[in-house]
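Required output: the full structure, derived from the provided sequences and hints.
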Amino acid sequence: MELFRTTNIDWLGKKWFFLGFSLIFSVLGVLSILFWHHIPLGVDFKGGTQVRVAFDKAPNEDHIRQAMDRAGVHDARIQRVSDPSGHAANKVIIALPESTATDQSHDAGRQSVESALNANYHDSRFTVEQVEIVGPTAGKQLQKQAWLATLYSLIGMLIYLWFRFELIYGVAAVVAVFHDTLITVGAFSLTNQEITLTVIAAILTLIGYSMNDTIVVFDRIRENLALSRRESLHDVVNRSINQTLSRTVISSGLTFLTVLSLYLFGGEVLHGFSFALVVGILIGTYSSIAVAAPMLVAYQDWRVSKGKSVTLPAGKRAKV
Amino acid sequence: MGKNLAGKSAFIVAVLVIFCFGIVGIPHGGLTQSIKDRIHLGLDLKGGTHLVLEVHVAEAVASATDRDVARLEADLQKAGVTGATVGKTDPSRPQTIIVSGIPAAKLSDARGVLQGSDYGNYDVVTTADGNSTLTMKLGAVRDLETRTLDTSIETIRERIDKLGVSEPVIQKYGLGENQILVELPGVDDPARVEEIIQSTAKLSIHAVTGGPYETDQSALAANNGIIPPDSMLVHGTGSAGAPDQIWLLKRVSEVEGTDFRDAQPGQDQNGRPNIRFNLTTEAGNRFYNYTQAHTASSATPGSMAIVLDNKVREVAGIQSAIRDSGEITGAFTQQQANDLSLMLRTGALPASISYLETRTVGPSLGAASIHQGIVAAIAGMLAVMIFMLIYYRGAGINADLALILNLVILLGFMGYTGSTLTLPGIAGVILTIGMGVDSNVLIFERIREELRAGKTAAAAVQQGFAHAWVTIIDTHVTTIVSAMILFLFGSGPVRGFAITLAFGLFANLFTAVLVSRVIFDAILQKKERGAALSI
Numbered sequence: 001m002e003l004f005r006t007t008n009i010d011w012l013g014k015k016w017f018f019l020g021f022s023l024i025f026s027v028l029g030v031l032s033i034l035f036w037h038h039i040p041l042g043v044d045f046k047g048g049t050q051v052r053v054a055f056d057k058a059p060n061e062d063h064i065r066q067a068m069d070r071a072g073v074h075d076a077r078i079q080r081v082s083d084p085s086g087h088a089a090n091k092v093i094i095a096l097p098e099s100t101a102t103d104q105s106h107d108a109g110r111q112s113v114e115s116a117l118n119a120n121y122h123d124s125r126f127t128v129e130q131v132e133i134v135g136p137t138a139g140k141q142l143q144k145q146a147w148l149a150t151l152y153s154l155i156g157m158l159i160y161l162w163f164r165f166e167l168i169y170g171v172a173a174v175v176a177v178f179h180d181t182l183i184t185v186g187a188f189s190l191t192n193q194e195i196t197l198t199v200i201a202a203i204l205t206l207i208g209y210s211m212n213d214t215i216v217v218f219d220r221i222r223e224n225l226a227l228s229r230r231e232s233l234h235d236v237v238n239r240s241i242n243q244t245l246s247r248t249v250i251s252s253g254l255t256f257l258t259v260l261s262l263y264l265f266g267g268e269v270l271h272g273f274s275f276a277l278v279v280g281i282l283i284g285t286y287s288s289i290a291v292a293a294p295m296l297v298a299y300q301d302w303r304v305s306k307g308k309s310v311t312l313p314a315g316k317r318a319k320v
Numbered sequence: 001m002g003k004n005l006a007g008k009s010a011f012i013v014a015v016l017v018i019f020c021f022g023i024v025g026i027p028h029g030g031l032t033q034s035i036k037d038r039i040h041l042g043l044d045l046k047g048g049t050h051l052v053l054e055v056h057v058a059e060a061v062a063s064a065t066d067r068d069v070a071r072l073e074a075d076l077q078k079a080g081v082t083g084a085t086v087g088k089t090d091p092s093r094p095q096t097i098i099v100s101g102i103p104a105a106k107l108s109d110a111r112g113v114l115q116g117s118d119y120g121n122y123d124v125v126t127t128a129d130g131n132s133t134l135t136m137k138l139g140a141v142r143d144l145e146t147r148t149l150d151t152s153i154e155t156i157r158e159r160i161d162k163l164g165v166s167e168p169v170i171q172k173y174g175l176g177e178n179q180i181l182v183e184l185p186g187v188d189d190p191a192r193v194e195e196i197i198q199s200t201a202k203l204s205i206h207a208v209t210g211g212p213y214e215t216d217q218s219a220l221a222a223n224n225g226i227i228p229p230d231s232m233l234v235h236g237t238g239s240a241g242a243p244d245q246i247w248l249l250k251r252v253s254e255v256e257g258t259d260f261r262d263a264q265p266g267q268d269q270n271g272r273p274n275i276r277f278n279l280t281t282e283a284g285n286r287f288y289n290y291t292q293a294h295t296a297s298s299a300t301p302g303s304m305a306i307v308l309d310n311k312v313r314e315v316a317g318i319q320s321a322i323r324d325s326g327e328i329t330g331a332f333t334q335q336q337a338n339d340l341s342l343m344l345r346t347g348a349l350p351a352s353i354s355y356l357e358t359r360t361v362g363p364s365l366g367a368a369s370i371h372q373g374i375v376a377a378i379a380g381m382l383a384v385m386i387f388m389l390i391y392y393r394g395a396g397i398n399a400d401l402a403l404i405l406n407l408v409i410l411l412g413f414m415g416y417t418g419s420t421l422t423l424p425g426i427a428g429v430i431l432t433i434g435m436g437v438d439s440n441v442l443i444f445e446r447i448r449e450e451l452r453a454g455k456t457a458a459a460a461v462q463q464g465f466a467h468a469w470v471t472i473i474d475t476h477v478t479t480i481v482s483a484m485i486l487f488l489f490g491s492g493p494v495r496g497f498a499i500t501l502a503f504g505l506f507a508n509l510f511t512a513v514l515v516s517r518v519i520f521d522a523i524l525q526k527k528e529r530g531a532a533l534s535i
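Quick note, the sequences are listed as chains A and B, same order. Sequential numbering of the first sequence, starting at 1, is according to UniProt numbering. Sequential numbering of the second sequence, starting at 1, is according to UniProt numbering.
Since the hints were made in silico from the structure, they are not lab data. Fair warning: this is a prediction, and the values are worked out from it, not measured in the lab. Don't be surprised by glycine CBs; every beta carbon is placed ideally from N, CA and C. Please note that a few of the clues may not be correct.
Restricting the straight-line Cα-Cα distance to at most 30 Å, the calculated cross-link-like pairs of lysine-lysine (DSSO-like) are [stated by the list, open to error]:
1) 36/B <-> 162/B
2) 88/B <-> 78/B
3) 8/B <-> 526/B
4) 172/B <-> 8/B
5) 8/B <-> 162/B
6) 250/B <-> 36/B
7) 36/B <-> 46/B
8) 106/B <-> 137/B
9) 455/B <-> 57/A
10) 527/B <-> 8/B
11) 46/B <-> 140/A
12) 36/B <-> 137/B
13) 46/B <-> 144/A
14) 455/B <-> 140/A
15) 144/A <-> 172/B
Label-pair restraints from in silico Cβ distances [what the hints assert, rightly or not]:
16) 120/A <-> 192/B: 20 to 26 Å
17) 506/B <-> 7/A: 32 to 38 Å
18) 506/B <-> 14/A: 34 to 40 Å
19) 304/A <-> 386/B: 44 to 50 Å
Covered by chain B, per the in silico footprint, the following chain A stretches (three or more residues, Cβ under 8 Å) [what the hints assert, rightly or not]:
20) 21 to 32
21) 176 to 189
22) 202 to 210
23) 240 to 249
24) 253 to 262
Okay, structure coming up:
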């Protein structure tokens, strides 16, 4: 069986379409981050108290809210847990903002939630399934560490690609990965889903995946450039994308399949995590074709317009 | 190629066997362990409590300088330097002692004391007017902080051990020098754990200089409106209906929690609960000097207050001089005596602590998420494997074998190193599987291209691997580089991701390139020259 035996699509000719597509989603995400839901950081990073409660019977959210109010907890956010497959509707997450978890009275929030529930739920039994309390110091520290670790690892990849290819390849790959991360975080903001530590792991996975995808295309470009010096970069890039297209579609399709099954059957705990991967695999595959490769050509065109050099950044010879 | 196929096959089998033992354990006496025992699951997957504590190490530094202030005062007196003021004036610099008002005639005597070996831990700066500033050396501060953290970890470990939790993790955490990570599998009541750790808070015995008073105001009034600088007001616990009395205590403690060598609950001759204790030799000598001077029959009888968590727990008169063993008798119940002696025995924390993070996952939630995670992962993998078989036919078997082997190696590695599988770790496994499949797809697509170009099966395999290899190396090294950086700079969950990812990628290089190649070569060897390849 073979798909895409010979494709001859002019990918670069669609660059304005791609640019528009990327811009729309990036801008939507950025607007949501700036003006709407911001970056919906979970309790991991923001600090605060979050209690996940499973009731015997499906609870009434208003009833819970009243119970909290009576106990003097006025700023609780009550959210029913929804599973992608529609199960587990009798679970509720009760979240209190950071002010309730200072480093001093660490678990005051948890205590008041539990006592409010104890006082108000005699008819339906409940179990506290999960409690997360993060003090403000710890949250900020985790946030800083996650950003720094991601930043350093991007720099590490950039340096390796610079060493193996040319600087512009590394820059293009990092820009593509940044584009993917921005759109994924934007998707979290638009849908107002919380970014937790496991979501960060998923975003790191997407960075790794997108980078992998981009390098495959770049490698073929480098190889083709070394073989045919006379062809224009535009044609070489198009041909390289087409040559690797069947591998791109198969690999991404299969990874997407794994991730999709995680999203559908993985349960609500993995919900945010697998959502990031589902979005990430799609966007990561798209960006290697629509963002990273066109950047090489754009860079080349810019060099030509500056009258610098007509030869393309061929990259170092592929030799291991 | 086909050269040394037997050797390569043997190597692959050997690697496989080694990692299989990683999963089931090295057999001893015919017994192997189950995979459940070998692969440590993170608390997010099996349920339990995860705590991050901060030890206020600066407190230990402050209390060490407090003690040195008292010591320095005594030493200066002994050297005949009178009239000097010794104290800490800047609360933001707890490691600094200022000596002022030394009479001009006594300057050299004072200098002799300050530069003595007793104060070797301090940098001494003397100004023209004879005032001196002692600042604890940076190395000494660091040492003290490290020791404080180590002692805290040790103390918490002893307390946790008494809870009977199996496989607790208690270790330094984060990049700073003052955090402790406590992980308690299977414990889903963080309140109880916090209480037990918290109850180990700071314990000390102080000399009582005044009191009891009813209110802060009356305490101030009794002392002419000013609390002496070497003293502090401490409230009683006010528990069990007792009034919340206030005592004036010497700031510097006579004995600290760490000075106790042993403590046992018991009863005195009247049947009242008491605590019998032993002190370390050094603390015993110190305590002897103090108690001898203040027994009930001496000219200056005194009492001692037992302070726990900055609350006076008990005040007792000094009956007789105590050297290294003695007893505390007071109005406490037998249960309180038991608790208190347990705290003394396991040593009190050298500094107070606060909680930064508490995460508890109930066992049912953990079990549900691992169950669903595994079902989803297996479903995904099966779908991938079936697709590979349909799409690449014979070669699909190579890919599927490589995939299974990859998983075996990864699990075996985790079994050997005792690394913990967490949710983010599963993310690493997914990326590994994705890249493993991708390596095979890259190779197969390349072989197909070569076949289309009219090459023979053997040449196509040779060329396909040669071309794909370059790409595979680039993608894998890039990702390994980033995994290593994530491991270095990330904390807990990010690290879990980095570990499985890095090792999964090494396993990939082995399976996708070597194993897959050997299978191809073995097939090609059996075929006639020019026969078609099932790909």
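How the hints compare with the structure:
1. 36/B <-> 162/B: holds, 26 Å
2. 88/B <-> 78/B: holds, 21 Å
3. 8/B <-> 526/B: holds, 17 Å
4. 172/B <-> 8/B: violated, 44 Å
5. 8/B <-> 162/B: The hint is violated at about 52 Å.
6. 250/B <-> 36/B: It is violated: about 56 Å lies between the C-alpha atoms, which goes past 30 Å.
7. 36/B <-> 46/B: holds, 11 Å
8. 106/B <-> 137/B: Roughly 26 Å between the alpha carbons, so the hint for residue 106/B and residue 137/B holds.
9. 455/B <-> 57/A: violated, 67 Å
10. 527/B <-> 8/B: Status holds; Cα separation ~19 Å.
11. 46/B <-> 140/A: holds, 27 Å
12. 36/B <-> 137/B: Given that 30 Å is the threshold and the Cα spacing comes to 50 Å, the pair is violated.
13. 46/B <-> 144/A: Holds. Residue 46/B to residue 144/A sits at ~28 Å (cutoff 30 Å).
14. 455/B <-> 140/A: violated, 59 Å
15. 144/A <-> 172/B: holds, 19 Å
16. 120/A <-> 192/B: 20 to 26 Å: Cβ of residue 120/A to Cβ of residue 192/B: about 24 Å, so the range 20 to 26 Å holds.
17. 506/B <-> 7/A: 32 to 38 Å: holds, 34 Å
18. 506/B <-> 14/A: 34 to 40 Å: Given a distance of about 38 Å, which is inside 34 to 40 Å, the answer is holds.
19. 304/A <-> 386/B: 44 to 50 Å: holds, 49 Å
20. 21 to 32: violated (count 0)
21. 176 to 189: It is violated, with 0 qualifying residues against the three required.
22. 202 to 210: Held - the stretch 202 to 210 of chain A has 6 residues with a Cβ nearer than 8 Å to chain B, which meets the minimum of three.
23. 240 to 249: holds (count 4)
24. 253 to 262: Coverage by chain B holds here, the residue count being 8 at a Cβ distance below 8 Å.
Violation of the numbered hints given earlier is confined to hints 4, 5, 6, 9, 12, 14, 20 and 21; the remaining hints are satisfied by the structure.
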